[in-house]
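K.L.:
This is what each chain is made of:
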Amino acid sequence: MRAEELKGHLDALLLAALEGGPRHGYAVMEALRETTDGRLDLPTGTIYPALRRLEAAGLIAGSWSVVAGRRRRSYRLTEAGARALSGKRADWRDFAAIMTAALEEGRPWPSPA
Amino acid sequence: MAEPSLITGYLTELSAQLPAPVVEELADGLDQTLRRYLGQGLDTTAAAEAAIAEFGQPQVILAAFTRASPARRAARRLLATGPIVAGCWAAALITSRAWSWQVPVEARIMVGVTLITVTGLLAAAALGNQYRSVGRAGTAGCIGVAALDSTMLIAVPLAVPAVAWPLLLAATTSAVRIVLTARTLRPVLAG
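Protein sequence lines correspond, in order, to chains A and B.
Taking this note's numbering, the leading residue of the first sequence gets 264, the next gets one more, and so forth.
Taking this note's numbering, the leading residue of the second sequence gets 5, the next gets one more, and so forth.
Hints in this document: simulated from the structure, not taken from any laboratory.
Heads up, some of the hints might be wrong.
[Claimed, not checked] Coverage of chain B stretches by chain A, computed from C-beta distances (three or more under 8 Å per stretch; other residues unrestricted):
hint, segment
1, 32-39
2, 63-73
3, 136-148
4, 167-176
[What the hints assert, rightly or not] Per label pair, the in silico range of CB-to-CB distance:
hint, chain 1, residue 1, chain 2, residue 2, range
5, A, Glu342, B, Val117, 21 to 29 Å
6, B, Gly45, A, Arg296, 50 to 58 Å
7, B, Gly86, A, Glu368, 27 to 35 Å
8, A, Phe358, B, Ala20, 34 to 42 Å
9, B, Val167, A, Gly283, 56 to 64 Å
10, B, Ala111, A, Arg352, 28 to 36 Å
11, A, Glu342, B, Ala57, 34 to 42 Å
12, B, Pro25, A, Thr298, 40 to 48 Å
13, A, Ser326, B, Ala20, 23 to 31 Å
14, B, Ala50, A, Gly369, 43 to 51 Å
15, A, Arg352, B, Val107, 52 to 60 Å
16, A, Gly321, B, Thr85, 41 to 49 Å
From a predicted model like this one, the values you see are computed outputs, not experimental measurements.
For every residue, glycine included, the Cβ atom is placed at its ideal position computed from N, Cα and C.
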């Protein structure tokens, strides 16, 4: 799946990747890659601005630690982020149900007038 | 492990535009990507090339940061809400017959020039494609908006003979915008 197809859904994916606990940027990308069986064709570097944007919106919170002499920034889901994720999940289920109902093969459509 | 020159050059290109903490975070992610490829048996140059290809070219990263820039978002919000505040002030000035006030021509020209400059700065921040210039224009635009609102709040009540409700409404919209702009400035200044 290409980056442009992800437009509008990246935030939900990032929030979902942080639902299980704090992760740093690279670990978020690894988790997404693993969950999607590597089908996510997204330049790793582009998730960092998205993480910063979610942090500015108060949906995730970042903190620095030092690992092997290098500073590392990790993010955790905030309460507002958890609520936003629930909302995005519900929206996605509705959208998926509508599209599945409309596009399913063999589904009878009303006859044209 | 010494950093391959390809990685150093890549990070230098990002450093020219992005704040140091952001580059530090990217460097950590890139380092982990590089180590994964080295762990797969690639030599240093091939691993660095593969890590950069996976991470994205600097222009791609910079464009993504510019799109997500707090300064750009702040500028777009101010440009979108600007006509509401301007409309309130226009109604207040017309109903108060502002043209009959004893205001020096120089002061009128200065307010007009400032308004045009601030709008230009906000437009540059909203549409620019360089992270650093978007940040500078957005910051200057936000400060300019707050300065314009403060000027109107202080100067107009002194010039107007009687305060009417359109003026109170316009003053309220400006006061609210000053508070919101001040809150917006913190993430904008943080980059």
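K.L.:
Run every hint past the structure and note whether it holds.
P.N.:
Each hint tested on the structure:
1. 32-39: holds (count 6)
2. 63-73: holds (count 6)
3. 136-148: Check failed, 0 qualifying residues.
4. 167-176: violated (count 0)
5. Glu342/A x Val117/B: 21 to 29 Å: Violated: the Cβ-Cβ distance is about 46 Å, outside 21 to 29 Å.
6. Gly45/B x Arg296/A: 50 to 58 Å: 20 Å Cβ-Cβ, so the 50 to 58 Å window is violated.
7. Gly86/B x Glu368/A: 27 to 35 Å: Hint violated: Cβ distance 50 Å, outside 27 to 35 Å.
8. Phe358/A x Ala20/B: 34 to 42 Å: About 41 Å separates the Cβ atoms of Phe358/A and Ala20/B, which means 34 to 42 Å holds.
9. Val167/B x Gly283/A: 56 to 64 Å: 58 Å, holds
10. Ala111/B x Arg352/A: 28 to 36 Å: With Cβ atoms ~56 Å apart, the hint is violated.
11. Glu342/A x Ala57/B: 34 to 42 Å: Check passed, 38 Å falls within 34 to 42 Å.
12. Pro25/B x Thr298/A: 40 to 48 Å: With Cβ atoms ~28 Å apart, the hint is violated.
13. Ser326/A x Ala20/B: 23 to 31 Å: Hint holds: Cβ distance 27 Å, inside 23 to 31 Å.
14. Ala50/B x Gly369/A: 43 to 51 Å: 49 Å, holds
15. Arg352/A x Val107/B: 52 to 60 Å: 57 Å, holds
16. Gly321/A x Thr85/B: 41 to 49 Å: The hint (41 to 49 Å, Cβ to Cβ) is violated, given that Gly321/A and Thr85/B are roughly 21 Å apart.
Checked against the numbered hints above, the structure violates hints 3, 4, 5, 6, 7, 10, 12, 16; every other hint is satisfied.
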